[in-house]
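> Here is what each chain is made of, one letter per residue.
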Amino acid sequence: MSLKRKAAAIGIGELKPYREPTDDSALDLMAAVAAEAIADAGLEKKDIDGLLVGMASADPGMIYPSAIGELFDLRPRMLNVLDIGGASGTGMIWRAAAAIDAGICNAVLCLTADLNRLGRRRPPMISLMYEFEAPYGAIGANCSYALIAQRHMALYGTTPAQMAKVAVDQRTNALANPLAFFNDIPLTIDDVLNSRYICEPLHLFEIVSPMSGGAAVVVASPEIARRSKHAPIWLLGAGEGSDRASITYAPEVTESAVKGAADTAFKMAGLQRKDIDLVCPYDCYTITVLVTLEDAGFCKKRQGGPFAMDHDLTYAGDFPCNTHGGQLSFGQPGLAGGMSHVTEGIRQLMGRGGGRQVKDARLAYVNGNGGIMSEQVGLILERAS
Amino acid sequence: MSEYLKPLPQPSKTSLPFWDAAKRHELTLQRCEACQKFVYYPRARCPHCFSDRLAWRKCSGKGRLYSFTVVHRPATRLFGDAPYVLAIVELEEGPRMTTNIVAPPDKLKVDMPVTVFFDDVTPEHTLVKFKPA
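Going down the list, the sequences are from chains A and B.
Its first residue numbered 1, the first sequence is counted upward by one per residue in my numbering.
Its first residue numbered 386, the second sequence is counted upward by one per residue in my numbering.
In case anyone wonders, no lab produced these hints; they're calculated from the structure.
Misleading hints may appear alongside valid ones.
Taking lysine-lysine pairs in the DSS-like style, the calculated list, with each CA pair at most 27 Å apart, reads [claimed, not checked]: (1) 514(B) with 300(A); (2) 301(A) with 494(B); (3) 494(B) with 514(B).
To be clear about the criterion: a stretch of chain B counts as covered by chain A if any three or more of its residues have a C-beta under 8 Å from a C-beta of chain A, and this derived list gives those stretches [claimed, not checked]: (4) 414-424; (5) 447-456.
Just so it is clear, the structure is predicted and the values come from calculations on it, not from any experiment.
Ideal placement from N, C-alpha and C gives every residue a C-beta, glycine not left out.
With these hints in hand, go ahead and build the complete structure from the sequences.
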């Protein structure tokens, strides 16, 4: 089955991430971005007939989507929680298109929001392998991505400066994004390398900051898309894959299911890597971007480091990458962090990039990543010429 | 001895033989009698061929340091002795384990040989750790 041009993203809503504790609930933030996205699409709430939602860690619950549906007084004909970590946002987009292509829905709301839980008591991340990880101090994602970085450095000669370059260029992008959290102070490679180690070889400035915030996207049928307010952004290709939960059991930690997801997406779209105008790869850490660019085929395996160093990853550069700043500079409001790559791709293709608009952007590759590079989603988005 | 505050394994029916062996200072893994492959972590069925004929075998305790990180800022305050070395060890028998390496970090190299040792962290709990061979 192909999803090529079977549905289009027509509206987005997104909050500027914030770190300070407030009396907001995650559901309040969901309502805010849902309202914004529906209005941005030029639709009314009653037009929404599908709901895909990510569970907020701050407001979890069972039978979640109908509770959200009731809160907003929706009448969805499809309800789903998507639970593939940071890839949930990207994963929602092709699922929405599939439901539309199947004739089940006409306009699907893809919804993510969460609160910053830092500083509050929270249980350690539980996994099925918890018994064989937590006793050794393998808790949270930082240490697992450090294990990827260490072996990437050992096998391919990747350097700390090459990893830092990702954070530096993405910060330059964030300086031109009023919605980004870290949009005031430029970053240098030395700044990154002089920040303290969290899990060696990863420094503080190579790691996302948890935030509060939210993001939503409305995906609609061709009939609705043709009369939408903004240029419809068509889904041309999508792919998904998973090959581990814990990093310990990955077939090879420096490789990921990005490859299969990207190959599927490009084949569906009938495009080549060189056709792409901008990329939005999920960036929980600097190393994630290097592995993703390699596995998605934008450079050869082992060349991620030199590629990042040799290319200008800013919105004005020869390889625009995470032009919103990436999560590293935009912030990570739970699953909405992973949706930020989708909203940025859409924003750029719609021509709404403001001071960071990529010139003549027509095709974007978006990669979603969940867990420890465990779940991967590749999307190719197009603004029809 | 001060109280041990870090997370401890809570064995299931399936995993209990692994932790019992560790208490005896033996490294054992499940081996599938149908496809002959070793399995870790313990499972009810072989992840390779889905057979339920899994038997416990004693292992050499030798492996290589597949990757490691020096954890300076742990995710929980329970690991008050940071920095510590968290590692993935690939055992001679094939499977990989999450573990700790007890050695100065500057002596460690990816793919170097390592050997098992048993850390009796409480009278009831023994963790399987490694050191340079």
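> With reference to the structure, classify each hint as holding or not holding.
Comparing the hints with the structure gives:
1. 514(B) with 300(A): Given that 27 Å is the threshold and the Cα spacing comes to 36 Å, the pair is violated.
2. 301(A) with 494(B): Given pair residue 301(A), residue 494(B) holds - Cα atoms ~22 Å apart, limit 27 Å.
3. 494(B) with 514(B): holds (17 Å)
4. 414-424: It is violated, with 0 qualifying residues against the three required.
5. 447-456: holds (count 6)
Of the numbered hints listed earlier, those contradicted by the structure are 1 and 4.
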